[in-house]
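Work out the full structure: start from the sequences and follow the hints.
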Amino acid sequence: MLGLCLGLAGQLWAQVAVDNPPAQFTLSWRHTVEKILWQEDYQLTPQGLQIVQARVKGTGAGMEIPDDAKFYDDSWHYQPQLAPIPLLRLGRAPEAGDYQLCFGGNCQPMSHWIGAPNHQVEAVELWSCQLSPSADNEQTNDQ
1 MLGLCLGLAG QLWAQVAVDN PPAQFTLSWR HTVEKILWQE DYQLTPQGLQ IVQARVKGTG
61 AGMEIPDDAK FYDDSWHYQP QLAPIPLLRL GRAPEAGDYQ LCFGGNCQPM SHWIGAPNHQ
121 VEAVELWSCQ LSPSADNEQT NDQ
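Numbering follows full-length UniProt numbering, in which position 32 of the sequence shown is assigned residue number 32; successive positions increment by one, without gaps.
Note that these hints are calculated values from the structure, not bench results.
Once the Cα atoms are required to be at most 30 Å apart in a straight line, the calculated DSS-like pairs of lysine-lysine come out as:
#1 K70 / K57
#2 K57 / K35
#3 K35 / K70
Keep in mind that this is a model prediction, so the values were computed, not measured.
Here you go:
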């Protein structure tokens, strides 16, 4: 079973089993300056995280919307054409707020699994990982 692993520099902090076939999740956050919501839908694959679709509520500094984006449901929707991402590294400073992860419509801040953002560790990495059949729905390790 594929799951989502969270950690940094090869250290595993948490594993999350993704039960909804196909194994998908949504990563969302607010732009640190513009405070506009961004959302990206990913599918877990053995090759990495495959971005399926992205949404953004508006534009601003460094927030260009792709030419092929369509506006509906109060957001710009687009489909990035990228190869699977083996390791997704995210900046995570307290001033920026926390990311949110949604699995099958159930959403939690990333701090639910790995604690609040802090200045000692201002990054996190996400990757697709193979979970053992006996893995709990959530396994959390200390940072």
